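6 protein chains.
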Amino acid sequence: MNEFTHVDSNNQPGMVDVSDKTITKREATAESIVTLGTEILQQLTDGDIQSKKGPIFQTAIIAGTMAAKRTHETIPFCHPLPLEKCKFSITPLNTTQVQIHCTCSTSARTGVEMEALNGASAAALTIYDMCKAVSKAITINNTRLLTKSGGKSDFQAT
Amino acid sequence: MNEFTHVDSNNQPGMVDVSDKTITKREATAESIVTLGTEILQQLTDGDIQSKKGPIFQTAIIAGTMAAKRTHETIPFCHPLPLEKCKFSITPLNTTQVQIHCTCSTSARTGVEMEALNGASAAALTIYDMCKAVSKAITINNTRLLTKSGGKSDFQAT
Amino acid sequence: MNEFTHVDSNNQPGMVDVSDKTITKREATAESIVTLGTEILQQLTDGDIQSKKGPIFQTAIIAGTMAAKRTHETIPFCHPLPLEKCKFSITPLNTTQVQIHCTCSTSARTGVEMEALNGASAAALTIYDMCKAVSKAITINNTRLLTKSGGKSDFQAT
Amino acid sequence: MNEFTHVDSNNQPGMVDVSDKTITKREATAESIVTLGTEILQQLTDGDIQSKKGPIFQTAIIAGTMAAKRTHETIPFCHPLPLEKCKFSITPLNTTQVQIHCTCSTSARTGVEMEALNGASAAALTIYDMCKAVSKAITINNTRLLTKSGGKSDFQAT
Amino acid sequence: MNEFTHVDSNNQPGMVDVSDKTITKREATAESIVTLGTEILQQLTDGDIQSKKGPIFQTAIIAGTMAAKRTHETIPFCHPLPLEKCKFSITPLNTTQVQIHCTCSTSARTGVEMEALNGASAAALTIYDMCKAVSKAITINNTRLLTKSGGKSDFQAT
Amino acid sequence: MNEFTHVDSNNQPGMVDVSDKTITKREATAESIVTLGTEILQQLTDGDIQSKKGPIFQTAIIAGTMAAKRTHETIPFCHPLPLEKCKFSITPLNTTQVQIHCTCSTSARTGVEMEALNGASAAALTIYDMCKAVSKAITINNTRLLTKSGGKSDFQAT
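Residue numbers (the working numbering), protein chains in the order written: chain B, 32 to 189; chain D, 32 to 189; chain G, 32 to 189; chain A, 32 to 189; chain W, 32 to 189; chain H, 32 to 189.
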């Protein structure tokens, strides 16, 4: 098992020094599931042409993209990284849940997992915000990394 | 059931106009659960005096507080609110999970639910970031509102 | 004619002291016109149900709202103001131009003109950004204040 | 004519993936014209040594530079780019108008048009803010790209 | 002697709850001294009409004002406060030093000491930045609170 | 003696054009000294296991790291730089003073002195904030560059 890389031998927190790592193309995809409940989700998708799903999911994509770009402002020891790709898919998973996927990519000395996770999380919170007048019993679950490539080791969620 | 207040009759998204609402004292508490797994959590809490729990949980509290103050920069239609209180408790829930509670309060024309949720979420992501070198199989669950008071109607999660 | 309130007798720039002014409800509406040209605008509005107008105008509304909330970060001597309302309308004006209106409101010691202007301007730049792959000959014009109320004197553009 | 690159086949908005583009030196110059009117402009430039023009134009340069650096925070799908050059010239054009030129440059996988446009626009709004106590009938016009080089195709405004 | 109000009985850091305090008019003035050395300061003030002092001190005022407005983004447990006044004076103190005074004011439940200190500090760092090509042996000293009023107790530096 | 690189021949302030400089690995260390006084420092370090020093110094490290990453938002003409390393040490220097060292590093066309100075300064202000309820007579001194390498010329403070 690896070390807690953000805590040094004096038990002080700090940024990992990545200055000697190689620049490689990094990619990561994260997921987040918003449990809205049947009533909200049905109402959200009502109407073929003019459902509320359009503006709500689009606002979530925009909020998620903007948050992913600024991840290093939110997570104290994240390195600033100029994102080159940030792609969202937001789709109803069943009659009660919406699934968010966020894929980030860049060429850098460190990975973009936190960018993908922060992007998915901000999109989920935005959906929450735009539906909370209908019900407060919304829950965000399963915020997790799905895949990651380009660093020391790849990762694939089971 | 209520309306989707952030989408107008032309299906355009937008901020809710709260300018005619009364200023009252608002409070909200949100929760988020980080499932770290037994190995990480045990390693995290090892050592009575100098466990890694200290710096990691403290970094999470600071990140969560700073994120809560800037919620309106992340959630597109959140109103800017000058937070007067932002209190965290982060505690191991069992051998695999850490529970985050974030309570926000202010006197305003609208509530602080999103501030509490965003604070809890940022604290959870920060714990994730500081433990991800040990394992990538961390999941954030149950990000939800626990209680809310001071607005049109109170809320208590069941 | 009035003074240049942001430059003192030593010719130093600075924030206006509003601490002794009264809190009143302020509102301002600003305009900005994006000249896209016939080709872009036609292509943008093509397709009854799935025109590109939807996502582009909605992205502009979101960008404009988020920029309006953070006006004091962009304009050096603007006072921070907690916006209570920020409403956009974006509509094709003719076969070549799109008109943006942004209305901001809050209760404060100073007005929200710059918030409305900054919001309209950010929405215009966002439309520019999303159409610039089609043509670089886009121009933003007529960024100006339309109305203002609630302060020492009202204003109505002629 | 090209595509709307920021809207996908499902009509969802999103960032363009530039991860496979080559890093080249990019430069762009944008313009913005502030119509202040004869009275303001004359008053602004009065006094050989201590005109108000000094602090107002300098504040505009600083605001424009700071805004250009943060363009990706304002324009939702702009890529974060570390600017290496940001140069302003602000000059009276005639007895009623001030002309702003902003040139941005960096080595990146995508261009700096939006940085130049956002910089010029923020400088124009700052001049507006600092003159608005004298008159509300100020207009910002002609915010447009003048030249661009270093990408797939160069551009020169006619 | 008082308590460390930002650390609770479990030794966890956190924001002070000010939600039950009364809104009063608060003011604070802070100081910072930049020791530039004789050579820089003389060169800076050379030329009656067109000394470098103009643009450098003005840039410092603008940077300090903008930083003061965003103090709660830099200092983790500072409450967000809408500043109503932020006034700078920057003056050569002798042949080697420049003195910065920053006065902040607002009506709030908590004081503006950190805003004044952060403003003075950002102005000092900006002067440093603009003079550092001339010499690296610049030092910032005496960053401290001079006066404070409007809270539980006033303060006057000795 | 060198030029004031941030002020041009028309006495206008502006960013230095670094687009033709070579990318090299840059490193800089800055210092800041917080004079807390004997009473605060003793109280701060009281208790072997649970001294207030832990949370206060850790909060300062986090605030300093986050500020260093955003230096270009505070200092008007600083270039945005993706920091690859940001390391703090905060140690009591004697019975009244705490010494902060901040080392920043990245590969870039320009140096990281301002990042190190801004990081040290934000950490110092955070310690101030967390101790100010105990005494207002705290002073921050000696904010200065200690070493710098990787650019045109190295520097070592005497």
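You may find that some hints are simply not true.
Given that identical chains are not distinguished, each listed pair holds provided it fits within a single copy or across any two copies.
Capping the alpha-carbon separation at 30 Å, the derived lysine-lysine pairs in DSSO-like fashion look like this [stated by the list, open to error]:
(1) 56 x 84
(2) 183 x 84
(3) 183 x 56
Calculated from the structure, these hints are not laboratory results.
Note that the structure is predicted; figures quoted are calculated from it, not measured.
List in ascending order the numbers of the hints, as given earlier, that are violated by the structure.
1
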